[in-house]
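Peer 1: Below are the chains, spelled out letter by letter.
2 protein chains.
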Amino acid sequence: MKYPNSLIQLIRELSRLPGVGPKSAQRLAFHLFSSSDQDVKNLSDAILEAKKILKLCPVCYNITDTDLCAVCSDPTRDQDIICVVEEPGDVIAIERSGEFEGLYHVLHGALSPMNGVGPEQIKIAGLLERIQNREGAPVEVILATSTTVEGEATSMFVQRSLEPLGVNVSRIAYGLPVGGALEYADEVTLGRAIAGRRQVTKI
Amino acid sequence: MKYPNSLIQLIRELSRLPGVGPKSAQRLAFHLFSSSDQDVKNLSDAILEAKKILKLCPVCYNITDTDLCAVCSDPTRDQDIICVVEEPGDVIAIERSGEFEGLYHVLHGALSPMNGVGPEQIKIAGLLERIQNREGAPVEVILATSTTVEGEATSMFVQRSLEPLGVNVSRIAYGLPVGGALEYADEVTLGRAIAGRRQVTKI
Chain A
1 MKYPNSLIQL IRELSRLPGV GPKSAQRLAF HLFSSSDQDV KNLSDAILEA KKILKLCPVC
61 YNITDTDLCA VCSDPTRDQD IICVVEEPGD VIAIERSGEF EGLYHVLHGA LSPMNGVGPE
121 QIKIAGLLER IQNREGAPVE VILATSTTVE GEATSMFVQR SLEPLGVNVS RIAYGLPVGG
181 ALEYADEVTL GRAIAGRRQV TKI
Chain B
1 MKYPNSLIQL IRELSRLPGV GPKSAQRLAF HLFSSSDQDV KNLSDAILEA KKILKLCPVC
61 YNITDTDLCA VCSDPTRDQD IICVVEEPGD VIAIERSGEF EGLYHVLHGA LSPMNGVGPE
121 QIKIAGLLER IQNREGAPVE VILATSTTVE GEATSMFVQR SLEPLGVNVS RIAYGLPVGG
181 ALEYADEVTL GRAIAGRRQV TKI
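Residue numbers (our numbering), protein chains in the order written: chain A, 1 to 203; chain B, 1 to 203.
Read the hints as simulated data drawn from the structure, not as lab findings.
Heads up, some of the hints might be wrong.
Copies of the same chain look alike in the list, so a pair counts if it works inside one copy or between any two.
Derived DMTMM-like pairs: lysine to aspartate or glutamate, alpha-carbon spacing no greater than 25 Å straight-line [to be verified]:
hint : residue 1 : residue 2
1    : K51       : E183
2    : K123      : D74
3    : K23       : E187
4    : K55       : E163
5    : K123      : E163
6    : K23       : E87
7    : K2        : E87
8    : K123      : E95
9    : K202      : D39
10   : K52       : E99
11   : K52       : D37
12   : K52       : D39
13   : K23       : E150
14   : K41       : E87
Between the sequences and the hints, there should be enough to build the whole structure, so can you do that?
Peer 2: Put into structure tokens, the structure is as follows:
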């Protein structure tokens, strides 16, 4: 049996999305086929509209639809702390925690020589320039890249690049996730959690 | 922080797809943002194009872009066997097995009174009509609905509806999946596999 071309084409395009295999793509295609014309149009419009309107903030490289992103243009944010993350999704995750009141810098990737990602391929130069051109008190930079090999390498590289600029650099804490059972924690995490212990009683 | 409207809209539309939660929708949205204009346009076009061109085959209710679907319009297929399945994806799965040379009938769902799906909501009437209007030898109908509660109920209902029409009705075999270890099979499947055993030596 030969499948309709437009169905094959749709499944092929859908399966190019991250995390969507051939089976999920097929399922999505059948779902779209049985959806209403309006729903399908809404999805297609949302895709094109987002692609047309969204761009990168020229200061922090976060995703925005205005000249400066919502964080950079907010005067109530602490201008003296910059949190460095790998991806725009990380900004959303940190904002959701409600624990951070400063600014961001999105690198759009992590160093990975194996995949041909060097310092030029991610937005490290933009971060250094941003800090060099800054007037007033020195900033604190929080390195909130992932705790993967690539994230660690990126964190280390940014830390060294920032050394000549005389800024305070910190790295987010390692430890057990909240709600995590000690028994199931891997030994490296557990070792880091013990090394990073905090005193809870005053003597 | 307020997210750009077009980003929120895109994430909302993507998370309406089956199997796509809020986190995956966010990931897909960021992926689309970093894809090339052409790739995004291709996806959007494929969605609209498929929705515009694809329709149901008037005979078997499979998805098609021609008047009759590829199976129904193929004279080499065995016209005397009709395999009844729940969804168009099931046709693709069976075709991939290469074990079936007959025709299909797609019900577009399974009976599920809990969810308000009765015999009128799926294409059972079309099947009965198709068999009644047929001339020549009686057909064999293979019930290949899922082995879920809904699939079983649908199979039973179709079987009873076909009784007055004097056709041979069969149900696909229950048993262990190929490559399955006996140890891990659930007891119901194992019971059905033993009940459905086939003689392998001739006496």
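Peer 1: Hint by hint, which ones does this structure get wrong, listed from lowest number up?
Peer 2: Numbers 1, 3, 4, 9, 10, in rising order.
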